[in-house]
Amino acid sequence: MCVCPGPRRIGIPVRSSSPPLFSDAMPAPTQLFFPLIRNCELSRLYGTACYCHHRHLCCPSSYVPQSHLRYAPHPAYATFCRPKENWWQYTQGRRYVSTPQKFHLTPPQVNSILKANEYSFKVPEFDGKNVSSVLGFDSNQLPANAPIEDRRSAATCLQTRGMLLGVFDGHAGCACSQAVSERLFYYIAVSLLPHETLLEIENAVESGRALLPILQWHKHPNDYFSKEASKLYFNSLRTYWQELIDLNTGESDDIDVKEALINAFKRLDNDISLEAQVGDPNSFLNYLVLRVAFSGATACVAHVDGVNLHVANTGDSRAMLGVQEEDGSWSAVTLSNDHNAQNESELERLKLEHPKNEAKSVVKQDRLLGLLMPFRAFGDVKFKWSIDLQKRVIESGPDQLNDNEYTKFIPPNYYTPPYLTAEPEVIYHRLRPQDKFLILATDGLWETMHRQDVVRIVGEYLTGMHHQQPIAVGGYKVTLGQMHGLLTERRAKMSSVFEDQNAATHLIRHAVGNNEFGTVDHERLSKMLSLPEELARMYRDDITIIVVQFNSHVVGAYQNQEQ
Amino acid sequence: MHVPEDAVVSSADVALALASAASQNGVQIYDRTSVVHVMTKKGEVTGVETDKGQIECQYFVNCAGQWAYELGLSNEEPISIPLHACEHFYLLTRPLETPLQSNTPNIVDADGRIYIRNWQGGILSGGFEKTPKPIFTEGKNQLEIHNLQEDWDHFEPLLSSLLRRMPDLETLEIVKLVNCPETFTPDMRCIMGESPLVKGYYVLAGMNSAGLSFGGGAGRYLAEWMVDGYPSENVWELDLKRFGALQSSRTFLRHRVMEVMPLLYDLKVPRWDFQTGRQLRTSPLYDRLDAQGARWMEKHGFERPKYFVPPGKDLLALEQSKTFYKPDWFDIVESEVKCCKEAVCVIDMSSFTKFEITSTGDQALETLQYLFSNDLDVPVGHIVHTGMLNEGGGYENDCSIARLNKRSFFMISPTDQQVHCWAWLKKHMRLDSDLILEDVTWKYTALNLIGPRAVDVLSELSYAPITPDHFPSLFCKEMSVGYANGIRVMSMTHTGEPGFMLYIPIEYALHVYNEVMSVGQKYGIRNAGYYALRSLRIEKFFAFWGQDLNTLTTPLECGRESRVKLDKGVDFIGREALLQQRQNGVYKRLAMFVLDDHDTDLDLWPWWGEPIYRNGLYAGKTTSSAYSYTLERHVCLGFVHHFSENTGEEQVVTADFVNRGEYEIDIAGQRFQAKARLYPVASLYTHKRRKEDVELSDLHGK
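These protein sequences, in sequence, are chains A and B. Count the first sequence with numbering that gives the first Met the number 0 and you get residues 0 to 562, in order. Count the second sequence with numbering that gives the first Met the number 0 and you get residues 0 to 701, in order.
Derived by calculation from the structure, the hints in this document are not laboratory data. This structure is a prediction, so every number in the text was calculated from the model and none was measured. Please note that the accuracy of each hint is not assured.
Stated by the list, open to error - From the structure, some residues in chain B lie toward chain A, with a derived Cβ separation under 7 Å:
#: 1; residue: 147
#: 2; residue: 151
#: 3; residue: 162
#: 4; residue: 165
#: 5; residue: 167
#: 6; residue: 169
#: 7; residue: 170
#: 8; residue: 173
#: 9; residue: 177
Note that beta-carbon positions come from the ideal geometry of N, C-alpha and C, so glycine has one too.
Produce the complete structure using the sequences and hints provided.
Below is the structure:
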């Protein structure tokens, strides 16, 4: 998660009439840590700071958390964020009144939490005869926010070849990430469609015939689509393809995937913005489109078609390729750039896009206008619209919007909007047989684990036993007993892997439960997962992971064909 | 169990010995010569095309082991021989400190899934693991890819169980782990016999890792088969024709052999169904029945309902349900049987093999009269039960034939007859005849309406009169049922209960089923499965081909003289043998045994194959058995022989001989008294509910 929480959002827990429920649920080490909070900037703690501190308790020497750099001090909001003695008092006070909570989760309970959102899709094949370069994918998410603000999507394009996969990290609510997760793939698919297909679809709509299906979704039952907005979304999409039809010069039907991805991202963001400006006669929808526009979401989307892999990224989620070297070891290849303050070229871009006198205010404390962590995102019209437009929309909007101080709040030093764009950076990669899998994940994962570890854990998980060199006796003097010992050892190594049937779940288990030795510590995992809703967000962020597995045989065959 | 005569032979040495013996008798052996394909002409083998030229021959035996499948397919008219190889590992060690002697017994530890034997003073130990590795799925070209490596990780469970059983072997030094693929078949029985398609093309393959033990016997039967036209024992269970092209999918075989191989060391329980390679052939009603709790068994690839688990009732998990005692479905089948007896049930029997035989002239009748023992020159609309006999008078098939019109017959045979019966008919049809033989199995869904109220259900669905006056037993009429026209309704069941068989063109199946179920509601209709059917038919002494009857049993041996018309004026196949048998008497007689002192709840159940003792002497084996819910006893069917006390020679069995014996059935070493009967219990046919037994609940819909 990457937003600077609006002052309101931070204020709420402090001013809330009911005390937060953390005290008795906290394990001893975290209680020790509370006094530290008072001296810290709260927004710094949002995300991983707590987590890192926790680690600090375990192994002080390694305590140089990256997040120190990423979450700069933020004196401007200190007043909102300093919980002062309140927090401590609550914790103290609660101690007397509450009954002790059962804290430890059993391994099955841990598993049921971890597996609640897991989803696997295998590209249909019949006994090893598979023509797709994608074998399938595993995905999962672990909420920290309540409700979770991350979203994920996966779909197969039906009118063109290829598969779309994406993770979306929402901020200031889940409305925008939800809308993007429902709509973005349609925009991409439409952008990829040849002119005749567009015409065919438009004619079908016009004459009331059955429509060609465009996407085959692969959804977990918890991944819902909004029924109410479906009509509105369709109309916007249709307007888009009508324009595509009109714009068609009839020159060539060679569709550039990169261009299609960029157009789709920009168009959807534009539609989100327009829908909020126009409003809707239905009051529910009207409020919905406004919530979508005023919240934000990053997106990291992969399009795989044969050996052609495009990753379009907006924001700070990340796409990582797992490459198996010839010696069987794993290395990580990053296929996206984070759009945040750690990215020099992004800083450069922002400075160039705004007048010189804003050079200091455009990025402050590593945040856009001192507020927003990602430098690119969907929605977030507070960083895109003119002040006039914002005021006008809010005033004419429903009361709920007017009462929300976050939406009303205009960012400081807001002179030359827009400050934010949804335009993605697209990276192309041609798949090679050694590219075994692709991980798409929100920053909740990358904050807690190094990319190299992520790739190694998934790689070892996916290849399972196979990465172990087969044993051959040839020539050595080996007794049955020695061989048995060796084999038992190899088996034990594998059994921990078999606990999970889903690579994403396996990764989350590591991300949340890893101890300083890089192995999953059940006690730690259990503590992290039993944090009450209100606290979970302080220790970890929403984590959403998609692991796409490639079929090396098919990729190899493509390569041979073209040689 | 210690077998002192147990021996170890080397397969290579045996093969060499056989080869040199054969050469001495003039057999020519071509080394390093590969068969390209087998040449055929007009459905007969004429020679073999090899990479070194052609060899003319009349007979060809495909014993290509794991390549038999491929060799079969290489024919112009492919012959499907369903088998698939799995990797098989065994371990060789250096000698023990005191080397093992050659008289060391072979040891099998079925729980540990391993065998252990002496090998040059050390041990040779392998096993049949729970997770086999199928190999060569894609055929011979894989030979180069897989260089059959040792796979120690795969062998680990077997090694563990070896060291658990014999911890002292720990210090033995390994020589190597051998990977030597073995071939398995879809039902763990080997494959032999003549191809149904090409005359003179024989097969002997798929020995399921027992090639050396079975080789001698299998070779003898095959030789008899080739020389005499049939083997001296009933080998239907091993006959290539029990399979068809439908078991030939590589994917099916790959999955099935993974289940078959571990079975070698598993406890094999009665009524066990394979779990892999299922749902291949299904009735259009499959989903409907499945949703109503159907549990399925498979025959010749076809899914058939065993019984229907009522909502809210839980059965044991698959592994726990394995038993030789009273099974968990007992009560379920009881209520289905009761419903068949008192109300009406519907059983989906679509799996039966259905042929239509038509001709322009009288050839159809002529051919059938020649092939079948009963008189088929009956008025149109009649149904005839008849055997399809071989020269020895034995049953090649037992079927029901309806005369649809003067020149057209509809023939219903057991499910697994699809290939065998077809081949038999083809073989005996004159090549130049204008007879049209069509396999219509797939065209019809068969529903059996069974029970006293079946007639009421059917009457409501049709305007055609159904009463016994208009529609007597063993008649076939084409009529409409519900909206659907052209349904073949037959006033017969396969159990002896009153009822009808409906042969429904598949597109009407769902409609007819729905109508039957909705109309039947007020008569208490419910679904029933094959287990209920089995109980019903066995208590009524109905023998089934493939279980009780086989190629070596004649109609006279099972009390079916009435189905043989020796005087019908046609010299049908087997007539000569039957005439002789009628004169000389029979040497075995099918009887029905009702167990007297058997406790259904506590004693082991009879399943089949239990020894029958007459006056304390062995007299034969049971062929099938079931619990009769009406007699409240177990009923077994089986053949009574008369072995001479002195010579052991078989003697004539008369009805008197059967009736005057005191019988016992031996179930796993415990003998139970049984009453033998040559005819069914009459009261079963006149079963009426007594007035005082009627309950209020009988008025409820079921």
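Here is how each hint holds up against the structure:
Violation of the interface hint for residue 147(B) is found here, the shortest Cβ-Cβ separation to chain A being roughly 13 Å, above the 7 Å cut-off. Given hint, residue 151(B) at the interface with chain A, holds; its Cβ is 4 Å from that chain's nearest Cβ, closer than 7 Å. Among the interface hints, the one on residue 162(B) holds; its C-beta lies about 6 Å from the nearest C-beta in chain A, closer than the 7 Å criterion. With a cut of 7 Å, the hint placing residue 165(B) at the interface with chain A is violated, because the nearest CB-to-CB distance is about 9 Å.
Checking residue 167(B) against chain A: minimum C-beta separation of about 10 Å lies over 7 Å; hint violated. The closest approach between the C-beta of residue 169(B) and any C-beta of chain A is roughly 3 Å, which is under the 7 Å cut-off, so the hint is satisfied. For the restraint placing residue 170(B) at the interface with chain A, the shortest Cβ-Cβ distance is roughly 5 Å, inside the 7 Å limit, so the hint holds. Using the Cβ-Cβ criterion of 7 Å, the hint placing residue 173(B) at the interface with chain A is satisfied: the shortest such distance is roughly 5 Å.
Because the beta carbon of residue 177(B) sits about 11 Å from the nearest beta carbon in chain A, more than 7 Å, this interface hint is broken.
Violated hints, in rising order: 1, 4, 5 and 9; the structure is consistent with all others.
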